[in-house]
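**Student:** What follows is the residue order along each chain.
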Amino acid sequence: MTGGRPRPPATGRGAPAAAASGGRVPRTGRWLAAPLAFWLAAWFLLPVALLLAESFRPVVIGQPTPPGLTLANYARFLGDPFYRGTLAATLVLGAAVTALALALGYPVAYGLARGRHRGRAVLRLCVVAPLLVSVVIRTYGWIVLLANNGAVNQALLALGLVDQPVKFLFTHTGVLIGLVHFALPVAILSLVGVIEAVDRSLEDAARGLGAGAWRAFWAVTFPLTLPGVAAGGMLIFSLTVAAFVTPALMGGPSLIVLSTLIYQQMTVTLEWGFGAAVATILLVVATGLFLAAQRGLASMRGTGAAA
Amino acid sequence: MERGARTWATILTASIALAALAGAPGRTRPAGAQARELVFSGYGGDYGEVMKKLVIEPFERQFNARVVYDATGSSAQKLAKLRATRDTYTWDVTVLTGYDLLAAGREGLLEPIGADRVPNLPKLHDFAQREGQGWGPITSVDPLVLLYNRDRVKPAPDSWTALWDPKYRGKVAVSHVSEGKGLFLLLVAAYMGGGDEKHIEPGFARLRELVPQVGAWLTLSPQYVPYLQREDVWLTPYWNGRAQLMIDQGLPLGTVIPKEGTLAITNSFGVPKSARQKTLAYEFINFYLDRTQQEAFARKIYYSPTNREVTLPPEYAGRVAVGREAIGRLRFPDEDYLARARGAWVERWNKEIYDALKYQK
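Protein chains in written order, with my numbering: chain D, 160 to 466; chain V, 2 to 362.
Since the hints were derived computationally from the structure, they do not count as laboratory data. Cβ atoms here follow ideal geometry from the backbone N, Cα and C, with glycine treated the same way. Hints are supplied without guarantee of correctness; some may be wrong.
[Stated by the list, open to error] Keeping only pairs whose Cα atoms sit at most 20 Å apart, straight-line, the calculated EDC-like set for lysine to aspartate or glutamate is:
1. V/K199 with V/E50
2. V/K359 with D/D239
3. V/K301 with V/D117
4. D/K326 with V/D356
5. D/K326 with V/E232
6. V/K352 with D/D363
[Said to hold, decoys possible] According to the in silico footprint, chain D covers these stretches of chain V (three or more CB under 8 Å from chain D):
7. 215-229
8. 259-268
9. 311-324
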């Protein structure tokens, strides 16, 4: 899923998909996948199946689930403009975070992959460091920084840039800041691998043929990294649309995302059928977008190989 | 909590999945041959610490028993777990808030508890015997108070209307209706407007008016602490017990039960039908209802005890509601009705507060 995969061998018979899913995996290789397969079956496929089943169960408040199957949970969500709005808000937020994290992460990743300076190891550590801290703690850190009396607002007021504290918390901006920070290490790590995999001699060749550094980057290196950028983007997008902590702590009632709704239904109102339906809708939409992106990616690789 | 795409679905379905998979085999604990073992499901944090020290340790000595403490989850999550596991053993005694106790009882998940099983029951205030409807005693209550910053809010407020005072615009914190504090604020607002839980309209009307005042939309109680510490929030409805603990920690805060009155949340103990040590469970509940434990608990956690015999020294005046008169002024909502109406209110709150915020801009 992450970057860093070697480019398909030049001798490949024009089937780009063969690089990803193994057509010729040796038998022992399959057995090596058995633990993962078991893990997935027990802790992902089975729960998802249970979730799916639950989403067709009727809900009667204050009573155990009655027997029978129903589509009412889906109708309640899809028939209500408010809930459709939360779905749209979730996807828009995911797209915005993905775009920002990739745009901000790319230069850093390029520096890490191509730089020759000594401090690279330290820089890498700095990139990874946030991942070592729980997302709850990181979110609280942002709350302390971005509050009305927080460090950021105090600095802005002291510099005279604003005369009223800027409202970051409980706005879209605050959630966006928190989530981009959450996604950046993921973006940078996947992009470093992608950029490192691009043969440096191609750039040298471009320079040798008279292109400036800038042109060599845009005409040669950047297009070659695009499939990796897209793969990293898919990863970030799927993490972001499922994010719960940051929207819950920094978002407030003006930004309700699907994970918040699911939490409310599962743990507070105990309308499991509805919660399961919302979760299924999120899963289906996210998986659909994922598959669509993967197809786009495959065709991108195809043309890349042909060129 | 934000991990791979694989894990998130697992987390979302955790209540269902864990119950189905981990619940069945292998969860048995070694049955102690000598000391009887009781699994108690309580809350974490300060509550857990005090519970262990003041109740569980003396109980273990006196009854030659061992108590395993399960501190996971809120009351609603404990109810969810009871529901999902049903006939499978989970705990011998569990804390539940009043409305969750009633829901569990109605669904046939609990043993009925009368004075034959818990002899201390008649020593409780009448409401504490009555509100559990036979599924368990009300063991303590905790009123919703108005918590304010003593340095910033002057004179000290005596009415809920202070929340709507334009002087405090942007300095009010409000909890979502899916949390108890938000739910009770909605009810207080409804009462102020002449409604009640069955006529909730005035409550929502007042909350819409409150939206411009709100500077922080919070949910869980611990979330409030940094906002109160940094004085981003000056005024908020909050649980009395936790508020007093913050005051003990030296925050410049005060609490008041406003003149319009307030509501209190009820804590109770229930014994699941699937419990293994039922006799010991009743003994444990009875022990907790003794005057000694009730008083010790009130001194440490500031929950109002429901045992009529408990008295507290004068320095606790204004910090814990004790005794018939003080407790008589608290209002207890129709919890049966709340359990049924809450889902619809959560949906309505999501939509109306969202709209109110949109038009504010």
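**Student:** For which of the previously enumerated hints does the structure constitute a violation, in increasing order of number?
**Tutor:** 1, 3, 6, 8 and 9
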